[in-house]
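Engineer: Make a model of the complete structure from these sequences and hints.
First residue of the sequence shown: 29, per the working numbering; consecutive thereafter.
Read the hints as simulated data drawn from the structure, not as lab findings.
Predicted model, so just to flag it, every value in this text is computed and none were measured.
For glycine and all other residues, C-beta sits at the position ideal for the given N, C-alpha and C.
Each hint should be verified, as a subset may be incorrect.
[Stated by the list, open to error] 30 Å max Cα-Cα, derived DSS-like pairs, lysine-lysine:
hint, residue 1, residue 2
1, K164, K84
2, K164, K196
3, K119, K84
4, K119, K164
[Unchecked claim] So the derived label-pair ranges between C-beta atoms look like this:
hint, residue 1, residue 2, range
5, G175, I74, 51 to 61 Å
6, G190, V123, 12 to 22 Å
7, D167, H96, 20 to 30 Å
8, H120, R143, 32 to 42 Å
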Amino acid sequence: MNWPYELQIGWRYTRSGRAGRRNGFISFISAVSMAGIALGVAALIIVLSVMNGFQKEVRDRMLSVVAHVEVHAAGEAALPDWRIVAAQARKHPQVIGAAPFVAAQGLVSHGEEMRGTLVRGISPADEASVTALAAKLRDELDRLVPGRWGVVLGAELARSLGVREGDKVALITPGGQSRRPV
29 MNWPYELQIG WRYTRSGRAG RRNGFISFIS AVSMAGIALG VAALIIVLSV
79 MNGFQKEVRD RMLSVVAHVE VHAAGEAALP DWRIVAAQAR KHPQVIGAAP
129 FVAAQGLVSH GEEMRGTLVR GISPADEASV TALAAKLRDE LDRLVPGRWG
179 VVLGAELARS LGVREGDKVA LITPGGQSRR PV
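Structural biologist: Put into structure tokens, the structure is as follows:
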């Protein structure tokens, strides 16, 4: 046989115990070592594949809810005119859509249940161009009318509060004031 040097050595020590009983233990050790290495490499490949799939799934789910880029004014001030900033952003060739939002922490309560949450105020007409979730929830977002009281809750939050569609909830934001529409 005209094998490479490495394969000749590997073949010799893998099969060393088969010709006689003199080196049988070396052959057993070699077989166990190869099986251990093969098992370790297989486990590494499987874990990396699962993690890559998990990373892709998390990234896709996160980006379906939140825009890829958010533009804020300096400090914590609101943008003076978001329409001008959105128009400038849309001029960039990689920008697909732009929509305004406000975000704050708050408490949502229903009956005896109360949960902390992140409240996100959006423009329903513009939001579908920014997030895939808003595009999927088009019917629900179309029911949000400016000047009327309406909120869309996530499934887990609604379940933990025991809320069904059409139920009334109380939304409390720290330092926030609200006026009922006339």
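Engineer: Are there hints from earlier that the structure breaks, and if so, what are their numbers?
Structural biologist: When the structure is compared with the hints, only number 6 turns out to be violated.
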